[in-house]
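A.B. asks: Start from the sequences and build out the full structure, keeping to the hints where you can.
Spelled out from the first residue to the last, the chains are:
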Amino acid sequence: MQPALDHNARVHVTSVIDRRVVAPGVISLGFRAPELARAARGGHYVMAVPPTGEAAAVALGIYEADDNRISLLFFLTGKRTRELGALRPGDELSMFGPLGNGFDLTKPPKRATIVAGGVGIASVLLAAEELLRAGSRVELLYGARSSAYLVDAKRFARLGCDVAVSTDDGSAGHHGFVTQLLEQRKPPELLLACGPSPMLRAVAASAARMGVRAQLSLEETFACGVGGCWGCVVPLSAESAQAPSFPPGDRGGSDVVYARICKEGPVFWSDELRW
Amino acid sequence: MTAIAMPDLSVRLGKLELPYPTLMGSGCYGSGDEFASFADLRKIGAVVLKSVTREPRLGNPTPRLVHVAAGMLNAIGLQNPGIDWYLEHDVPKFAGRPCVLIGSVAGFSIDDYAYVCERLASRDEIAAIEVNISCPNVASEGETFACDPRLTEKVVRAVRSTTDKTLIVKLSPNVTDIAGIARAAEAAGADALAVVNTVRGMAIDVETWRPRLGNVTGGLSGPAIRPIAVLAVYEVARAVKIPIVGQGGIETVSDALEFLLAGASAIGIGTANFTDPRVPERIVAGLSDYLQRRGLSTIAELTGKANVGRLSAAQIEGDAG
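Protein chains in written order, with our numbering: chain A, -7 to 267; chain B, 654 to 974.
Don't take each hint at face value.
[Said to hold, decoys possible] Computed footprint of chain B on chain A; a stretch qualifies when at least three of its residues, placed anywhere within it, have a C-beta under 8 Å from a C-beta of chain B: (1) 40 to 52; (2) 209 to 219; (3) 246 to 254.
The set of hints was computed from the structure by calculation and includes no laboratory data.
Here a beta-carbon is modelled for each residue, glycine too, at the ideal position from N, C-alpha and C.
C.D. replies: Written out as structure tokens, the structure reads:
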């Protein structure tokens, strides 16, 4: 996977330069953060410190990044995200990053398929842009609960992606799961996905049937975000190159090891996950 | 020009001397390296490393972590590669770290503790040993050692016989008489006590009716437990003469001062690192400012200075007037 650029990963104090409500309860915040913006790749994230400092930092995927600005896209789900969502242009925020191992795009294919579910879209825009720049044909399969939650679908189309959408209520595109759209496709050379856990499991199953390996960006509750606490783990094949250092041969009879989603991930190969 | 004397923030725990009174809690700070780009490791007292056991441990099933009001619940379950692998592969990487490293040992029998402690303490990279007798997240009797003064005494005596390095025994708040446990640890040769580990807790998802932790129960940390921990430090400080590392929900200078005044000589910072990795540096700077403002020259002048005496009749009358 594409490693985080550790030398650029540090605490950044920056201020909000724009705020958009992109869907009901979904906020995009833009920041002037040149160092972060230049280091960020698809699948990287930051830990954002809630302004009151009374709760743990929140892991948020880096949605947009250009030379000077990044943006973060998130659902208002609890106290910490509501605090972040209440920020207005001019308000200051601390964040540290970029963190994590992003999507591996080192061999851009002729055709790539990206599956995104809900705010999982926040982790795939940079990857789509990078693939398009490298000359890949990119198809985005994008699922949400209803048409109101399809954030920036048209923007992906304008960028040059082939976009197909699905909604749970049938208000746009296919009425059903986004993974049903994937099942209708020919096996892609490169398959990337980010979204809720049931969707990722379905993508992994489809990938296995198709005989391709998918890169899945996992979400989990983080505490430290840097690999210090081992709170956000996922079981991984002990043979995986992403498996953390652990004694070979004796894992208490288990052929899995727990890998940190924050440190070894958040992007993992679908066939190496043992969840 | 008059030189302004900087307050002395150094502390001594047994033979261990630390430049600052701030220890990064075990299991919260990895091996220091993970935080190196976000925090200045030269400005912290020590990193207490993640606990290591005799055999490798996979740890508990997921989810292992839940954010709750004013803190978090965790049930990591001592995931670690076991002492053999740890000594061969992990400890060599610790050489040259810009901060003091304190090893942490856990176990399931007295023999386990002694064995792991002896091997870990034999390494130069490890400056001192924390004896974790209070992890709430291991099945069966993991916490028994910290819940029974006789077992506390036996396990501490056993590890004491294996090393001359400073031993810091970490106590559990999940007991009725923490002072009695503290006295047992002191009598058995502990050089210092870490007070406290996490408080047992549980959270339930009201939609699925399932526990929110894979392990069902976990350890609560963060500001939610601070008053519990301050009281524990206060009670332990009156029971023993050895230094105390006060810990439990410390996020600010003011929090740290509470623990010192209650009787701690140093403080442990854990969950607050997850809010902002610069918290330890801020607390050190704030303690220095506080001492200067109060005209004090050493951190030791604060230890146990909480005024808990009853008000005199004259004071009460004065207030009423």
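A.B. asks: Do three or more residues from the region 246 to 254 of chain A put their C-beta atoms closer than 8 Å to C-beta atoms of chain B?
C.D. replies: Coverage by chain B holds for the region 246 to 254 of chain A (4 residues, Cβ < 8 Å).
A.B. asks: Three residues minimum, CB to CB under 8 Å: does the region 40 to 52 of chain A make the cut for coverage by chain B? Let me know.
C.D. replies: As far as the region 40 to 52 of chain A goes, the hint holds, because 7 residues have Cβ atoms under 8 Å from chain B.
A.B. asks: Can you tell me if the region 209 to 219 of chain A counts as covered by chain B, using C-beta to C-beta distances under 8 Å and a minimum of three residues?
C.D. replies: Check passed, 8 qualifying residues.
Every hint, counting from the list given before, is met by this structure.
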